[in-house]
Structures are given as C-alpha cells and as structure tokens.
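Participant: Protein chains in written order, with UniProt numbering: chain A, 1 to 378; chain U, 1 to 378.
One should not assume that every hint holds.
The list cannot tell twin chains apart, which means a pair is met if one copy fits it or any two copies do.
[As the list claims (entries may be wrong)] Distance condition first, Cα-Cα at most 20 Å in a straight line; then the derived EDC-like pairs of lysine to aspartate or glutamate:
1) K200 - E168
2) K86 - E331
3) K330 - D124
4) K86 - D311
5) K47 - E331
6) K200 - E212
7) K165 - D187
8) K367 - D17
9) K368 - D303
10) K165 - E56
11) K368 - E168
12) K367 - E227
13) K242 - D17
14) K86 - E301
15) K295 - D124
16) K6 - D91
17) K368 - D311
18) K86 - D302
19) K165 - D31
20) K86 - D303
21) K7 - D91
22) K7 - D31
Everything labelled a hint here was simulated from the structure, so no lab data went into it.
2 protein chains.
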Amino acid sequence: MSKEIKKPGNFTVHATDGNARRGTLVTAHGDIQTPVYMPVGTQGAVKAVSPRDLREIGSQIILGNTYHLYLRPGDELIARRGGLHKFANWDRPILTDSGGFQVFSLESIRKITEQGVEFRSYIDGSKHFFSPEKVISIQNNIGSDIMMVLDECVGYGNDRDYTAKSLELTTRWARRCREAYPAGSGDQLMFGIIQGGFHKDLREVSLEQLSEIPFEGYAIGGLSVGEPIPDMYDILQHIGPKLPFEKPRYLMGVGTPLDILEGIANGVDMFDCVLPTRNARNGTLYTSLGKVNIKRAQYREDDSPLDPNCDCYTCRNFSKSYLRHLYTAKELLSSQLNSIHNLRFFLKLTEQAREAIENGTFADLRKKYEAVYEAVTR
Amino acid sequence: MSKEIKKPGNFTVHATDGNARRGTLVTAHGDIQTPVYMPVGTQGAVKAVSPRDLREIGSQIILGNTYHLYLRPGDELIARRGGLHKFANWDRPILTDSGGFQVFSLESIRKITEQGVEFRSYIDGSKHFFSPEKVISIQNNIGSDIMMVLDECVGYGNDRDYTAKSLELTTRWARRCREAYPAGSGDQLMFGIIQGGFHKDLREVSLEQLSEIPFEGYAIGGLSVGEPIPDMYDILQHIGPKLPFEKPRYLMGVGTPLDILEGIANGVDMFDCVLPTRNARNGTLYTSLGKVNIKRAQYREDDSPLDPNCDCYTCRNFSKSYLRHLYTAKELLSSQLNSIHNLRFFLKLTEQAREAIENGTFADLRKKYEAVYEAVTR
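This is chain A alone, in the form it adopts within the complex (with noise of 0.2 Å):
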C-alpha cells in the first residue's frame, strides 16, 4: 500500500451491496474495519471487560466520553499520563464523543449562548462551560483518534422552528470545531455531527452545511432519543445514503442488532451503543437465537452454552445454569462474563456485515437477524 493510504483519515470504500459498505478508515493507532461496532468506555473503562478481554472480541476501537472524563478524571490529568490511550492501556483506536448529548440529556441545568454551554457537573454540581473550541482542546488533551464537534443534540418532539434554529447553532459550532483544529494539522481526526430532528429538509439543510466544512467523517445525531422505531428508521432511510459517500458515516449511540443493520442498509458505517454491557448487567443477553433474559426460572438447570454459535470465553466455558447462579447470586463475575458476551454478539454481527457485503449476501444475513429479533420486545 502506498504511503497516502495509510494517512490517518484516509477512507477506502472496497465493496458496496446496495447502500452498504465495506470499508477501511486509517487512524494513528491502526486501521479500522467498517462496518464496525465500538464498544462504549464512558469513563475510561469499558464496564467490566479488560482491554484483554476487548482485544480478545474483536474490539478494533472504543469510546470515550469528553463529558465524563473531563470531570473525572480531568482532560489534563490524562494528557500528563500521555493520553488516554496509555492511561487506559488501550494501544488501539479511540472515539471521544463531544460531551454534547451529555450536557443535553442528563439532569443538568445547562443555559445555551452562541458561545456554548453551561452545565453542572453531575458529580458534585460546580459550573462548567463548554464551548467548541474547550471540547477540541479536552479532546486534544484525551487524545482520541477521532475527535467530535460540539453539537446541540435536540430531543424528540421539539418542533420546527427550534429544530432550525439549533441546527443552524451547531453548524456554526461545528465550523469553530475545524478552527479549533484545521484539518491535517494532527493526526487526530474530526467528525461534524448531522443534526434536524425528525424534519427530512432540516437533516438535508444540516448535511448540507456540515459538507461545506472538510470533516474526515460525517455522523448522524439526535436519533435513538426516545422517538418510535419507524421515525427513527424513516430519518435513517433518507439522510443515511446522502452523507458524503467518500466519508466514513457514524451513526451516534445506535441500536439494537437490527438497528444497526438498519443503519449498515442504509450506508452507515459505524455504530456506538451501551445496550449491550448495560443489558449485560441487567442480565439481558443477545444471542444467535435471540434474546435471553437470564434471571429466568426455565434456565435454572440449563447445562448447554448461552449462545451455541458464539467462540466468547462465556459461551466457551459457562452453562446458562452457572450464569444464571451468578446473576442471581450476584455475583461480580456475572456482569464480567455477560459483558463479554454482549460485546462479542455486537462484534460479530458487524463482522457478519463485513463479510456479507463484501460477498453481495449482505439482505440474506438480516433476514437471518429479522428472523431472530424481529417479534422481541426492544
């Protein structure tokens, strides 16, 4: 491969089936695969998996949180250790999400100027501001691979007008993000965020004014926010395939197993979520053959694996028996050994898409999932 390939930000699109992609994007800390599903490390910490056990799954890259690790334990704090990356021991790609929907959704007072944000810490409740420029420069301080602008994340049913005038706010934000940070002058990469609620022309008019800014990626905010499924899809469906096709496109905080092959059908090529290590804690599991609630009395004397068609160190060594005990004991070592399982079912369900679209099988292998997910409760 020529040098320019492997140029942090570089994306290659190698196959398509229908709107899906199978692509490569370049980071400082190694490439990805996409489609790809990034595990969700709040505060630092993936909940209950090492970096052993992610590495382990398959996890290519996980999250971080500007908001959380900003309060604790503080952006300088981690740029002294060397970046999160090191602090972490985590020596493969990191996201750091804005801190927008943060500041948005949590229970925060918060007032909003063109400057940015005030908000309180959900620590111990001491002021704070964000501005686009501050979340760059946390970002900058984390050291994430990939960077995101500050954005005013709207909830579901604001109407029109507000909707508007927010997406409009967040564009100019997101222009300052690139200020804040000119695209090739590092090695960290940024994404501007789609905003518009549930209105298609506002989505058009924020894309549209996003992709006048030279983002190396493109995501799409304000959905998985309450809203009914079909609204959600109906977004996804219009604005997926219209985000820059030579871009790697991100679909924030979503879903469940179908939502994310929703979001892959429809030209998205990267997904966070918290469903799975949280339903894991709740003792809530994906599998092959559909959900499990492990709690349940039918699995007391179940001997065989939770998921017969998963290779995780749970599915490996544990009866459903044992994982029930645990749960209902609970044990520790419960939400341990349910979130690498949880982890690997959304590893693989993209490492299935990849294999899918680059083979044009990729409608087979949702139908194969819709056949699993499509009656249970989401």
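Following the hints, put chain U in place on chain A, whose structure we already have.
Facilitator: Frame of chain A; chain U shown alone:
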C-alpha cells in the same frame, strides 16, 4: 512416583525449616503444593475474578461454602450439573467449608441440639437443619476434594464451661461426619476441626479427641473471630506444632500476610481468607512495599505500577493513577483489577514461603514482610 503417592489424601512433607513445612497434598483434581493460600469462592465464584484469571495468578485450589451453596443454587442442583468443578468451570481442587462458621456467625436465628443445628436462611428467612450427616451429604453433592466436618464455632469471649462442652459436641459431630463417609470410601477427603476457644488445655483436649478419628487433615477453627492478635497467636503457637505431623494442617479464615507467616512458622500448611478480595473491592491493596489505599489523593498522578515487584496483569499494565480513577469512578473494572492483584500477592506470599522453607531461609522471608507490614494497622 509410585501409585501410592498419587492416592487422594496422601501428604508428603519434603522439607522443614523450624516448624514450617514444605509439602504436597494429593487430591482427585491434582496435587497441592503447601504452604498454600486458597482464594475464597463462597457462592461458587471468586468475587470479580474469572477461573481463567485465577489460573493465571497461580491459584492451586479454591474454596466454596457449603452453607451458601446449599441455600443457593442448592447442592442437588449442583450434583445434577456434575458437581461444582464442572458447574463453575474449575478443574483444580476445591475445598468446601462445612457451613458451621456461617451458621454460628451470621445473624440467623439458630437452635443447637445434639442432633444438629437449626437456622434460618439469610436469603428468605426459611428454616433449615444441618446435621453432621447432612453437611457431608451436601459436600458429596458439591463434589469438593476436601470436605470439612460440621463444628460449633465458639466466638471470642465465651466462658470455659461453654467452650468445654461445645468442643465435646464438635467431637461427636466430627465422628458422625466420618462415619457418614468413612476414610477411603471415595476420592473426597475430610478434615476435622479443632475447637477449644482461647483455652490452651481445651485446645489440647479437642486435638486429642479428633486425632483418634482418621481424618485426612486437621484444621484449627475458631480463630480470627474478633480476638486481639496476641490471643490468636498464643493459641496458634501452642497448638499448631502439636497437630499430627503427617497430615495437612489448615488454619481456617486467617488472615493478614503476617498472620499467614505466623501460621506457617507454627506448622500450618493451608490458609483461606476473604481479606484480599474484600479489601480489593474497598480499595485496600497489598504490595511488597506495604498497604496502599488506592483512594488517596497522593496517587492521583502516580504513573508507577501498584507494586513494582508484582507480575500480575494489573501491575504489568496499569498505573496507580488509573486504578485510583477506576475506584473513584466506581467502575466494575476496579474490583476486577484490584482483586487479581491482591490474590496474586497472597498466592505469591505462599510461593515465596515454599521456596524459603526449601532453602532454610523462612526466618529471613518473615523478617522481610515484618519490616513492611509490622507497623501497618491490621
């Protein structure tokens, strides 16, 4: 080696250094090199540590608890799974405590008769009855390599008369346990438990009575029950070296690193204690340089490993600064990494003791640990 040596229950003392012994105990699931520290897996899982990690840090044997496993998930359920080894995916030896200590120390309503002890479940308050025969039957179902007899564990501060009568009951119960599973009737071993409180002469009476019953090993019970350390050491020094030389000796539920070294110095071969895992979850970590309270602000920016002399996953890969962050942020990974380290510290302590006894340098080893731990609050 001859076949005889490989028979479960066979115990060989290879070397001595003062009263300290370096031995090998044969069990159906492999040999145990003594002195040995045994991680505690009360409910069939060592808290926050996977079997894979337990193997990696050199755990030769783990504990399970008869009382807890009988109540949940139930010993018959475990038997139907093929025993605890298979259920918990642990193919090395397992020792099960009889539940005597739990029945007598937990705040359950209990009634002792000659026949046994009635108690209430800590889970749902339901009534249960343990007889000597019953606890052996439970341990048969669990399939542990080493079973413990049912004993009455007399707390600190009970009077001489009560203690004297109690040890006689413990002896009668011990005899009934052995009769329920005569020596050599299977691959499981059975250890008697010496009681007698803090009266040296009563300890001798208990030892004399139990020595007449052919157990494969002898344990010292009723220590570390709230007494001042000098009282514990007084009994340990008096009775430890008097236990049958040719059988393995087990000091139950003890203790700190210095307690374990004191035990070894007085001829004890086996130890279990929840301190390493419990303290790990509370952020108190044992290192070759002394105790570390990882919460402390002094570690906020400390890039050094927790213990520069430790070879565990935690110490090889993470800084004190990161461990402090995980603890402060209440990340589940904190318990996992801390537990791996603390267990490794205790396992290494007994590894070093084995080597020192072989080399006749056990006194030097003790001095090394005393220099670091003597001044530390216990």
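Participant: All hints are to be evaluated individually against the structure, with a verdict given for each.
Facilitator: The hints, checked one at a time:
1. K200 - E168: within (15 Å within a copy, 84 Å between copies)
2. K86 - E331: between (30 Å within a copy, 18 Å between copies)
3. K330 - D124: Answer is between; shortest inter-copy Cα gap is 15 Å, intra-copy 29 Å.
4. K86 - D311: between (29 Å within a copy, 19 Å between copies)
5. K47 - E331: Close inside one copy (15 Å) and across copies (6 Å); limit 20 Å.
6. K200 - E212: Within one copy only: 19 Å inside, 87 Å across.
7. K165 - D187: Cα proximity of K165 and D187: none, with 33 Å in one copy and 77 Å across.
8. K367 - D17: The answer is within: 15 Å in one copy meets 20 Å, while 70 Å across copies does not.
9. K368 - D303: neither (26 Å within a copy, 48 Å between copies)
10. K165 - E56: neither (45 Å within a copy, 57 Å between copies)
11. K368 - E168: Classified as neither: same-chain Cα gap 41 Å, cross-chain 68 Å, threshold 20 Å.
12. K367 - E227: Close neither inside one copy (24 Å) nor across copies (67 Å); limit 20 Å.
13. K242 - D17: Close inside one copy (16 Å), not across copies (78 Å); limit 20 Å.
14. K86 - E301: For K86 and E301, the Cα distance is within 20 Å only across copies (13 Å; inside one copy 44 Å).
15. K295 - D124: between (35 Å within a copy, 17 Å between copies)
16. K6 - D91: Answer is within; shortest intra-copy Cα gap is 17 Å, inter-copy 47 Å.
17. K368 - D311: within (19 Å within a copy, 46 Å between copies)
18. K86 - D302: Between copies only: 13 Å across chains, 42 Å inside a chain, cut-off 20 Å.
19. K165 - D31: Neither, since 37 Å and 73 Å both go past 20 Å.
20. K86 - D303: Between copies, since 10 Å is at most 20 Å while 41 Å is not.
21. K7 - D91: For K7 and D91, the Cα distance is within 20 Å only inside one copy (17 Å; across copies 49 Å).
22. K7 - D31: within (10 Å within a copy, 55 Å between copies)
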